[in-house]
Amino acid sequence: MKCQKAISLLTEYFDDELSQKISSAVKEHLNQCEECKAKYREFKKTLKILKRLKPLD
Amino acid sequence: MSTLEVELIEKAKQGSHTAISELLSKEQNFILNFMYQLTGNRAEAEDLTQEALIMAYRKIQTFRYKARFRTWLSKIALNLFRQKHRQKRRHDSLILEEIMIPGEDGNPERKVIKRELQWCIIHNLQYHLPEKYRVVLVLRDLQNFSYKEISETLGWSISKTKTMLHRARQTFRSTFINAKCKAFTDDYCCTCEGVQDL
Chain A
1 MKCQKAISLL TEYFDDELSQ KISSAVKEHL NQCEECKAKY REFKKTLKIL
51 KRLKPLD
Chain B
1 MSTLEVELIE KAKQGSHTAI SELLSKEQNF ILNFMYQLTG NRAEAEDLTQ
51 EALIMAYRKI QTFRYKARFR TWLSKIALNL FRQKHRQKRR HDSLILEEIM
101 IPGEDGNPER KVIKRELQWC IIHNLQYHLP EKYRVVLVLR DLQNFSYKEI
151 SETLGWSISK TKTMLHRARQ TFRSTFINAK CKAFTDDYCC TCEGVQDL
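In order, the protein sequences belong to chains A and B. Each residue of the first sequence is one higher than the one before, counting from 1 in this note's numbering. Each residue of the second sequence is one higher than the one before, counting from 1 in this note's numbering.
Chain A with its partners taken away, still in its complex shape (with noise of 0.2 Å):
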């Protein structure tokens, strides 16, 4: 799998809506490639901080 590619589905990947197959792919994709790994690392960095918005009671 390509970088762009890989990228493209993060989101999905992240949230577990691909298949096995192509889950295994990305992840392949990331443990070789560092650049994409460290994409991958904000991208959910950035999520984890969204998720800090405080709820009203």
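Rather than coming from a laboratory, the hints here were simulated on the basis of the structure. The C-beta atom is built at its ideal place from N, Cα and C for all residues, glycine as well. Heads up, some of the hints might be wrong.
[As the list claims (entries may be wrong)] The calculated lysine-lysine pairs, modelled on DSSO-like cross-linking and capped at a C-alpha distance of 30 Å, are:
id, chain 1, residue 1, chain 2, residue 2
1, B, Lys132, A, Lys5
2, B, Lys160, A, Lys45
3, B, Lys59, B, Lys111
4, B, Lys26, A, Lys51
5, B, Lys148, A, Lys54
6, A, Lys37, B, Lys84
7, B, Lys75, B, Lys11
8, A, Lys39, B, Lys148
[Said to hold, decoys possible] If you want a taste of the chain B side facing chain A, the calculated C-beta under 7 Å gives, among others:
id, residue
9, Val6
10, Phe30
11, Arg115
12, Gln118
13, Ile121
14, Asp141
15, Leu165
16, His166
17, Arg169
18, Ser174
Given the coordinates of chain A, assemble chain B onto it according to the supplied hints.
Using the frame of chain A, we list chain B on its own:
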């Protein structure tokens, strides 16, 4: 949809005031938060919630079980929000001191950081994300809607939902970086220029 919920809906459709009140009171907090996440303003969120609940009360006869009751109610609230947000809001309408902070923390410095982070999240959602991205991001990442529920609420295909969610997340990430928000660092301290202006 649970059996209890279906029973309540049926009773509400037959005119039971108790049933509709119970149904709506269960969803009130959910709608309030949904509106707060879209507007960034508690008073406005409360007004929109009130209006949405009244409208749902009046329109319960039109509920057809095509989606969850919550999804149907979310659509009503979202339409009201859109009607009132045709004009872009001014940047300075978000006051740092009015931002609520999560948890009680006695450390004043930590309190400021927490407040600034909350400000930063709302600031980015409100002013740096197009409405279509804000809505999809809130539904998925703050309200935990499934892709199917998002597509039902927004009238999008699943494929469009995936594309828009991906773009929304990417845009949210970029705006955080472009705003020079240091929330990416370990101290979660935001120094984007909006905060410095206050």
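Comparing the hints with the structure gives:
1. Lys132(B) x Lys5(A): Distance ~24 Å between Lys132(B) and Lys5(A) Cα, so the pair holds.
2. Lys160(B) x Lys45(A): 24 Å, holds
3. Lys59(B) x Lys111(B): 43 Å, violated
4. Lys26(B) x Lys51(A): Roughly 22 Å between the alpha carbons, so the hint for Lys26(B) and Lys51(A) holds.
5. Lys148(B) x Lys54(A): 25 Å, holds
6. Lys37(A) x Lys84(B): 41 Å, violated
7. Lys75(B) x Lys11(B): The hint holds at about 22 Å.
8. Lys39(A) x Lys148(B): 27 Å, holds
9. Val6: 27 Å, violated
10. Phe30: 10 Å, violated
11. Arg115: Result: violated, 10 Å to nearest chain A Cβ.
12. Gln118: 6 Å, holds
13. Ile121: 5 Å, holds
14. Asp141: 5 Å, holds
15. Leu165: 5 Å, holds
16. His166: 4 Å, holds
17. Arg169: With a minimum Cβ separation of about 6 Å from chain A (threshold 7 Å), the hint on Arg169(B) holds.
18. Ser174: 9 Å, violated
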